[in-house]
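As a plain string of letters, each chain reads:
There are 2 protein chains.
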Amino acid sequence: MWQQNKLTELFGTSLPIVQAPMAGAAGLELAVAVSEAGGLGSLACAPLDAGQLAQLLEAASQATSKPLNFNFFCHQPPGENKIQDQLWLDKQAPYFDELDLPAPTELSAGVIQPFDEARCEVLEVRPPAVVSFHFGLPSSELVARVKATGAKLISSATTVEEARELVARGCDAVIAQGFEAGGHRGMFLTDDPATQIGGISLIPRIIDAIDVPVIAAGGIADARTVTAALMLGAAGVQIGTAFLFTKEATISRIYRQQLLASNNISTALTNVFSGRPTRCLVNRMMQETGPVTNDAPAFPKGFAVTAPLRTHAEAKGCPDFSAHYCGQSAALAQPATAVEFMHDLVVGTNEHLNKMAALSLPLSGP
Amino acid sequence: MWQQNKLTELFGTSLPIVQAPMAGAAGLELAVAVSEAGGLGSLACAPLDAGQLAQLLEAASQATSKPLNFNFFCHQPPGENKIQDQLWLDKQAPYFDELDLPAPTELSAGVIQPFDEARCEVLEVRPPAVVSFHFGLPSSELVARVKATGAKLISSATTVEEARELVARGCDAVIAQGFEAGGHRGMFLTDDPATQIGGISLIPRIIDAIDVPVIAAGGIADARTVTAALMLGAAGVQIGTAFLFTKEATISRIYRQQLLASNNISTALTNVFSGRPTRCLVNRMMQETGPVTNDAPAFPKGFAVTAPLRTHAEAKGCPDFSAHYCGQSAALAQPATAVEFMHDLVVGTNEHLNKMAALSLPLSGP
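From first to last, the protein sequence lines stand for chains A and B. Residue 1 is where the first sequence starts when you use the working numbering, and the numbers rise one by one after that. Residue 1 is where the second sequence starts when you use the working numbering, and the numbers rise one by one after that.
Since the hints were made in silico from the structure, they are not lab data. Among the hints, a few may not be true.
The list treats identical chains as one, so a pair stands whether inside a single copy or across any two.
Each computed SDA-like pair below joins lysine to any residue, with the alpha-carbon atoms no more than 20 Å apart [as the list claims (entries may be wrong)]:
hint, residue 1, residue 2
1, K6, A357
2, K147, D97
3, K355, Q3
4, K355, G233
5, K355, E288
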């Protein structure tokens, strides 16, 4: 039975389906709906300080008794680099002129902070079922403290080497993040987007290399893609973009419109929005400034430029400066509620497995 | 039964497995072995003139009565561009100095020619079972003449738009070439490698868009990946890199050594070897000159530089200048004969389907 395996045992869920953490796009309502439907809802905590994190943990515990995943970043905080930062500010200045907006005078790191001791202390007070990291893992001391809470530990790998490193450092399961995935690449032992690997290759290669359950991510959006991930050997899937099509997703109207038109809009990896490679719907800023450039500032300083541009432009219905995160399978997704989507996915996967079972020959042949 | 469907009916084969055409790496011996084993062997004809093509057709008809696929390019022949060509020659000159080789004084288009009337006439004399094209299709007049021979017509799509165009222009089946694939991207309605799509996303999206059988290509190398392609809806698969591991592959010793070490060598799309994006094992020339650069000459003029560099360097055991075409699943492949590989793939796929069938619930649940 595909719905129950080592991964669901680990998480305490009834389905091996993880809703991807998506800052600004997936809040408590979506995560709780997913977990109540048997999956693992996720909460993106990178933009929260320790106090806000404590509030979210409290609110989550009141909203559901089901397992939830709290996700944190562990990027290296950007150092001072005034020359590179000023070059980037100069390069983007014409956009601020065009929108008649005051340009920032420096690139602040903003609210997105790596996981640290203060946040760890908050987790220790009220440990969630699962803690996931992106961009590798925090220090061994913090990893040990998170694991000591009883929370299960997961993180994303974009290469076989990264998967091995995550297991060596204590991960209970590994997300194999295929090239198709929307949002930021979890890469942490490489910084070269050119060598990133598609799911059909990455998933079995990682499965062959490690001994913990593998969660397939990237391009998973319907019953066919879930079934394919299972065939490749994945124990479960992590789904992002398809959840952006749900009623519960907290995205702007223009982002939703862009997703609905995504059959006709390409996506690409770009570092112009944040400083790190992330997959987004191609727009003007990506085309004019990237999509990948060596001039981009250190993550997450890029947001100091793109956040004000985006807010101002979106208010006028313009997507030119928005990081509209989107995977390569958006065209397979449909508007629905989270519960409808989960239900259709489970029923559909089961039907698809049954249909395909008929394709197999008895083991005696051929 | 997965082995028999509309695609095998179309090709007259007993298995829906196509060996990818690979110029210089896969000759008549490999193609015949694959076709005799029930698949569709392919012959890369882009480097052959009409006389050589006639000889190959003759030799093939003597070697097997099974269906074979003859593959041609249909790129736009490069125009004159002396300034761009000279810049490229100047940029590569230090490599010739280093190897103590005379540098070419111009970029000739060399032997790789697009499909034309002369080649079409040869096909009309002795039509193969299948004719495949790369980089789109030739003129409508030539397409009509090829189809009039009775040969089935296929070509590669890297986007949904390209798949629709291929069907509209008469293709009997379409190869969905995922981002993972080794060798040249078949792209012909886009020239932007940044928006190319991974197989998990591309295959179902193309299947939803067209009404002819879809052949999955890119990262298919073992039973798991074949089964995943079937789950995504593909009628069959095209396999390239895994066939390079067979005894019959006509590749240099150093290319074979590189493939065997490919677990530890990344691949990337690059246009520095030929002028068009192609996936190769990362080497010095890709790192120093690309992997993708706007300065690259028009395809196939790049070979005028890389062919002499490669020949000279490989003779010394050096892979620095070689286009070692390789997909992202090389690590899943094993040395074998073509017949052993085909046998293991078919038995393995069937076993895997049987195993996975046990995961499905009865249709009444859940």
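Run through the hints listed earlier and report the numbers of any the structure violates, in increasing order. 2 and 5
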